[in-house]
Amino acid sequence: MTGLGRIAVAVVMIGLLTGAAIELQRLRDRSFPVRPVEDDSLYLTSPSSLRRMALAYRAVAADLYWIRALQYFGGTRRMVEAGQTITDPNRRRYAALFPLLDLTTSLDPRFNLAYRFGAIFLAEPAPRGPARPDLAIALLMKGLAERPDRWEYMQDIGFVHYWWRQDYKAAAEWFRRASEVPGAPWWLKSLAATTLAQGGDRLSSRMMWEAIRQSAEIDWLRHDAERHLGQLRALDEIDALQAIVNRVASQSAQPVLDWRPVMRAAGWRTIPADPAGIPYEIDERGRVQVSRSSPLWPMPAEPPRIDVAPPPS
Amino acid sequence: MRATALMAVNVFRESVRDKVLYNLVLFAVLLIAATYLIGQLTAGQDIKIIKDLGLAATSVFGVFIAVFIGIGLVSKEVERRSIYALLAKPIERHQIVLGKYLGLVGTLAVNLAVMAAALYVVLAYMRWLSSEGTIKALEAPALDPAMLKAIALIFVELSIVTAIALFFSTFSTPILSATLTFGLFVAGHFSADLRNFDQVVDSPAAARLARALYWVLPNLASFDVKAQVVHGQHVSAGYMALTMAYGAAYIAALLIAAMVIFSRRDFK
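Taken in order, these protein sequences are the chains called Y and S.
Per this note's numbering, the very first residue in the first sequence carries number 146; after that it's consecutive.
Per this note's numbering, the very first residue in the second sequence carries number 5; after that it's consecutive.
Chain S on its own, in the form it takes in the complex:
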């Protein structure tokens, strides 16, 4: 346990050293620039648009960190040959995988927390600037705590993407891992199409294959409640719990697969 925690802290430190947290500056600049520009372009929809933009940017930045750092978690150690030094230490291989995963997820959590705080600060400023009429017309309050539900599900989605990247990283090259992870990320948002494939093709075999893919591939579309939250629609606790539990199960399956592959890998 201690070894896993040390590994996780090390990954977090490495991410900070790699200037991963610089994306927070970019996020802040994006929000401030958008706040300035959007007020003049959107006919009273600035708060809605800042929410949309802030939540989307949180997700996009997170996906890039999850993929580009995730694919290097194991493969970089192998490339640099520092894996030998690591394996010589009193640490199990599965602890390395788990520690690296937790370290990157921790980095993502810090990122998301800072981005969420920045988004609320910008929204508070915009609320202060808005007229009473504009505030009354909003479908959801400017500082709606329900946005945290969307952010929580983004975090779980990013944790899945990180697990996918780490899984590929245990046996593949970084470029191939990035391609496969992005591919799964995109496919994960087409789950509704896969599910309803039988309505557009006549072939029962193809429909069965699509249905199988629907169950096997990560259903990332279900983690997207950004629009509902921005429009003030209720996202139930039951939905949140089921979706998070699904995410946890999927992550666990991927991590076990990654641990098994990494444990059996021959580095000679």
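In isolation and in its complexed conformation, chain Y is listed as follows:
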């Protein structure tokens, strides 16, 4: 056999044997199923131990934990959006998200986006997020301890208080603190004043998201702000549509449970769509709402207006 022939035989044998090994593995996995890897297992939970073990490669380890946090959050959220049943209660609560972000920021304490995105993820309401504004604030406070000059973290804390806790006094206080950091944008001062005076109304919310959209450094943050602006527009549209639905219901003396009577009465050809282009729905109680399939779902709870105590006489 020539040298070339021997190589050809070797290549064929290697191919056959590798194929056989893969097939045997498949057979074994079928006969003796491998337990799925627990997605929320962390392997290492102590940030200080991990910092030591990573030696001079902490930044790369932080990147790996960051990718893991993104996949964990995104994967769980995708399962929710696809309507899949999540049997693991920890997964349903996004229980590993904060520890993953904590490890990431302990390994690389200056990982700016891990604080900012992490806080957005943590505060996101269930089931699209863990609904943990307290942990979002804790993460941002950790970032602030590392970099007290980052007005963005203060703005984000104010935003969590504003949007997810409806604590407008705390939000206004954090916006004020952020505005006093050298280099902070001018509009934070007016945002603090508006929040304190009119916290919770759509106008001040719109102003806040518009400011965030304009100042966003990262496309993702800009898209998130645009999504929230879309939600605010949807809230206005829902109010207008609800008034029409109520009028049709009172005229017909029957509850309106779908769009057909409204479309007939109003002469519409299509069901009105939300700013994301997904048609609105009417629920069993006759309330107009965004569809669960809309990227705007779930809508934020309409916050109550702030009670500003009258000055003592």
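Incorrect hints may appear among the rest.
As the list claims (entries may be wrong) - Straight-line distance between alpha carbons at most 27 Å, and here's what the computed DSSO-like set of lysine-lysine pairs gives:
#1 S:K140 <-> Y:K287
#2 S:K80 <-> S:K153
#3 Y:K314 <-> Y:K334
#4 S:K140 <-> Y:K334
#5 S:K153 <-> S:K140
#6 Y:K287 <-> Y:K314
As the list claims (entries may be wrong) - To spell it out: a stretch of chain Y is covered by chain S in this simulated footprint if at least three of its residues, at any positions, have a beta carbon under 8 Å from a beta carbon of chain S; those stretches are:
#7 193–206
#8 237–248
#9 394–400
Hints listed in this document are in silico derivations from the structure and should not be mistaken for laboratory results.
These numbers come from a predicted model, not from an experiment.
Built from N, CA and C at the ideal position, the CB exists for glycine as well.
We have chain Y; now place chain S onto it with these hints.
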């Protein structure tokens, strides 16, 4: 001097013959694969992560070359008995040690230079792909020349690791030399713990021992400025100069020790 230079060139040629530079291909594949995958996984942090990954890979590959080639520099000559032929030539023993060290450090320098160039090329490509918003949001420019500071300190750190490996290689077996060198590499990154040992133990003797180890063992943690550079933090010229001078002093001490041991070694 000429003999030392010839020895160094010979070590470099031998490294090339041993396909040491093949790791550059692995490095390139790693960066290209990471560029493709990371864009889809990191929510706009791809340039930061490529910098982290590129600098870490430069260091890891360098450590493996420094240790696994370094431990064989002298012991391989002894094992093969080619040391007798070498000693019969008009060359001093200290020149052999120095030449071998410089040859391997030269190999590492070529490696690092090519890896740094590849990293900048990949970053330039990623910058070209990125939107204006992403580029504006970066803490440090994509093609930040300050990364060269991190690479320079990695080079000095690798030169220390090479000197450690060579030092052990002059009197120990390759396996033991590798174990001891890796041990010192790891211990060198725990210097802060050794320094602050008195805060976790009550024993003054143990604290003194830890403090002594802190001064004697190589403080490799101080050569790690990768994270600072990636985050756009300033690394001062003074810090660079002091750290490099510390590295040079430590290397010189190790080389002198290696030369003394090798000069007194009996090969009969």
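field: Cβ contact check, 8 Å cutoff: the stretch 394–400 of chain Y against chain S, three residues minimum
entry: violated (count 0)
query: Holds or violated: are the alpha carbons of K314 of chain Y and K334 of chain Y at most 27 Å from each other?
result: Roughly 14 Å separates the two Cα atoms, so the pair holds.
message: Tell me if the straight-line CA distance from K140 of chain S to K334 of chain Y falls inside 27 Å.
response: Distance ~24 Å between K140 of chain S and K334 of chain Y Cα, so the pair holds.
query: Do the alpha carbons of K140 of chain S and K287 of chain Y lie within 27 Å of each other, as the hint requires?
result: 25 Å, holds
query: Keeping to a limit of 27 Å between CA atoms, is the pair of K287 of chain Y and K314 of chain Y held or broken?
result: 22 Å, holds
query: Keeping to a limit of 27 Å between CA atoms, is the pair of K153 of chain S and K140 of chain S held or broken?
result: 23 Å, holds
27 Å Cα cutoff - pair K80 of chain S, K153 of chain S: 34 Å, violated
query: Are 3 or more residues of the stretch 193–206 of chain Y near chain S, judged by a Cβ distance of less than 8 Å?
result: holds (count 7)
message: For the stretch 237–248 of chain Y, count the residues whose Cβ lies under 8 Å from any Cβ of chain S; is that count three or more?
response: With 0 residues closer than 8 Å to chain S, the stretch 237–248 of chain Y misses the three-residue bar; violated.
Of the numbered hints stated above, those contradicted by the structure are hints 2, 8, 9, listed in ascending order.
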